[in-house]
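> Each chain, written out:
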Amino acid sequence: DQQVKQNSPSLSVQEGRISILNCDYTNSMFDYFLWYKKYPAEGPTFLISISSIKDKNEDGRFTVFLNKSAKHLSLHIVPSQPGDSAVYFCAASGTNAGKSTFGDGTTLTVKP
Amino acid sequence: ETGVTQSPTHLIKTRGQQVTLRCSSQSGHNTVSWYQQALGQGPQFIFQYYREEENGRGNFPPRFSGLQFPNYSSELNVNALELDDSALYLCASSLAGLAVHEQYFGPGTRLTVT
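One line per chain: the protein sequences are A and B, in this order.
Position one of the first sequence corresponds to residue 1 (our numbering), numbered consecutively onward.
Position one of the second sequence corresponds to residue 1 (our numbering), numbered consecutively onward.
Some hints could be false.
Stated by the list, open to error - Which stretches of chain B does chain A cover? Using the computed rule of at least three CB atoms under 8 angstroms from a CB of chain A, they are:
{"no.": "1", "segment": "40–54"}
{"no.": "2", "segment": "82–95"}
{"no.": "3", "segment": "103–112"}
To be verified - Ranges of calculated distance between the beta carbons of each label pair, as one might list FRET restraints:
{"no.": "4", "chain 1": "B", "residue 1": "Thr9", "chain 2": "A", "residue 2": "Thr107", "range": "16 to 26 angstroms"}
{"no.": "5", "chain 1": "A", "residue 1": "Ala41", "chain 2": "B", "residue 2": "Arg22", "range": "13 to 23 angstroms"}
{"no.": "6", "chain 1": "B", "residue 1": "Phe60", "chain 2": "A", "residue 2": "Thr26", "range": "14 to 24 angstroms"}
{"no.": "7", "chain 1": "B", "residue 1": "Leu39", "chain 2": "A", "residue 2": "Ser12", "range": "18 to 28 angstroms"}
To be verified - Here are the simulated SDA-like cross-link-like pairs (lysine to any residue), alpha carbons at most 20 angstroms apart as the crow flies:
{"no.": "8", "chain 1": "A", "residue 1": "Lys5", "chain 2": "B", "residue 2": "Ala38"}
{"no.": "9", "chain 1": "A", "residue 1": "Lys99", "chain 2": "B", "residue 2": "Ala87"}
{"no.": "10", "chain 1": "A", "residue 1": "Lys37", "chain 2": "B", "residue 2": "Leu39"}
{"no.": "11", "chain 1": "A", "residue 1": "Lys99", "chain 2": "B", "residue 2": "Glu102"}
{"no.": "12", "chain 1": "A", "residue 1": "Lys99", "chain 2": "B", "residue 2": "Glu75"}
{"no.": "13", "chain 1": "A", "residue 1": "Lys99", "chain 2": "B", "residue 2": "Pro61"}
{"no.": "14", "chain 1": "A", "residue 1": "Lys99", "chain 2": "B", "residue 2": "Arg51"}
{"no.": "15", "chain 1": "A", "residue 1": "Lys99", "chain 2": "B", "residue 2": "Pro107"}
{"no.": "16", "chain 1": "A", "residue 1": "Lys99", "chain 2": "B", "residue 2": "Gln41"}
{"no.": "17", "chain 1": "A", "residue 1": "Lys37", "chain 2": "B", "residue 2": "Pro107"}
{"no.": "18", "chain 1": "A", "residue 1": "Lys99", "chain 2": "B", "residue 2": "Phe60"}
{"no.": "19", "chain 1": "A", "residue 1": "Lys5", "chain 2": "B", "residue 2": "Gly58"}
{"no.": "20", "chain 1": "A", "residue 1": "Lys99", "chain 2": "B", "residue 2": "Tyr50"}
{"no.": "21", "chain 1": "A", "residue 1": "Lys99", "chain 2": "B", "residue 2": "Glu52"}
{"no.": "22", "chain 1": "A", "residue 1": "Lys5", "chain 2": "B", "residue 2": "Gln41"}
{"no.": "23", "chain 1": "A", "residue 1": "Lys99", "chain 2": "B", "residue 2": "Gln44"}
{"no.": "24", "chain 1": "A", "residue 1": "Lys99", "chain 2": "B", "residue 2": "Ala38"}
{"no.": "25", "chain 1": "A", "residue 1": "Lys99", "chain 2": "B", "residue 2": "Leu95"}
{"no.": "26", "chain 1": "A", "residue 1": "Lys5", "chain 2": "B", "residue 2": "Asn59"}
{"no.": "27", "chain 1": "A", "residue 1": "Lys37", "chain 2": "B", "residue 2": "Arg110"}
{"no.": "28", "chain 1": "A", "residue 1": "Lys99", "chain 2": "B", "residue 2": "Asn30"}
{"no.": "29", "chain 1": "A", "residue 1": "Lys99", "chain 2": "B", "residue 2": "Glu54"}
{"no.": "30", "chain 1": "A", "residue 1": "Lys99", "chain 2": "B", "residue 2": "Ser73"}
Worth flagging that the hints you see were computed from the coordinates, not collected in a lab.
Virtual Cβ for every residue (Gly too), placed ideally from N, Cα, C.
Make a model of the complete structure from these sequences and hints.
Have a look at this one:
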């Protein structure tokens with residue numbers, strides 16, 4: 001029973017366009033949702049998070065939207081850059097992010 | 001300020017053997033979490049250590065055990081290795097009480113069980 005799902009294994013986008021990565025969850029008790037970015041041979045790096053009491057959080061080119069009724073969140077990257085090419089993980093947790101539940105990741109490729 | 005480091009980088013073991021993986025947390029961090037990332041999947045929470053005590057455990061059998069030392073570094077021990085234990089093992093450190101996103105991952109140890 002996977003509590004956090006990323007249904008798109010891969011996404012390819014042209015440089016300058018918007019990238020939208022999606023994530024669904026089943027447990028309504030999660031307090032926080034986080035996005036991590038992972039390059040090969042490196043550990044995941046925190047990108048952006050959102051509290052369950054909010055519906056939007058923005059940080060520069062990155063915006064996360066949370067739809068609690070649909071148990072769905074999305075990460076928007078605008079404009080997309082080739083350096084954004086990486087694996088993106090969606091994660092959910094209580095107040096302790098060190099016990100996060102991760103999705104299986106989406107590989108984003110941004111083409112020049 | 002040093003980041004999270006893990007050793008060794010790669011390891012090959014035979015089924016039935018035991019293995020110890022090591023993690024040095026970021027300076028000042030007192031909490032270490034361990035995750036297993038199988039090929040094509042996301043990291044899966046194994047357990048967390050806070051102030052040298054286990055502070056929560058995921059769905060892993062008792063042959064997965066850990067330690068945290070007074071300097072907050074940590075070890076992950078796996079006994080009776082199985083082929084399915086082949087994975088990337090990640091540790092992440094954090095400081096209890098900080099913002100929820102303040103969890104820093106190491107580069108991982110790639111374990112192959114043959």
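> Sort out which numbered hints this structure fails and list those numbers smallest first.
No numbers; nothing is violated.
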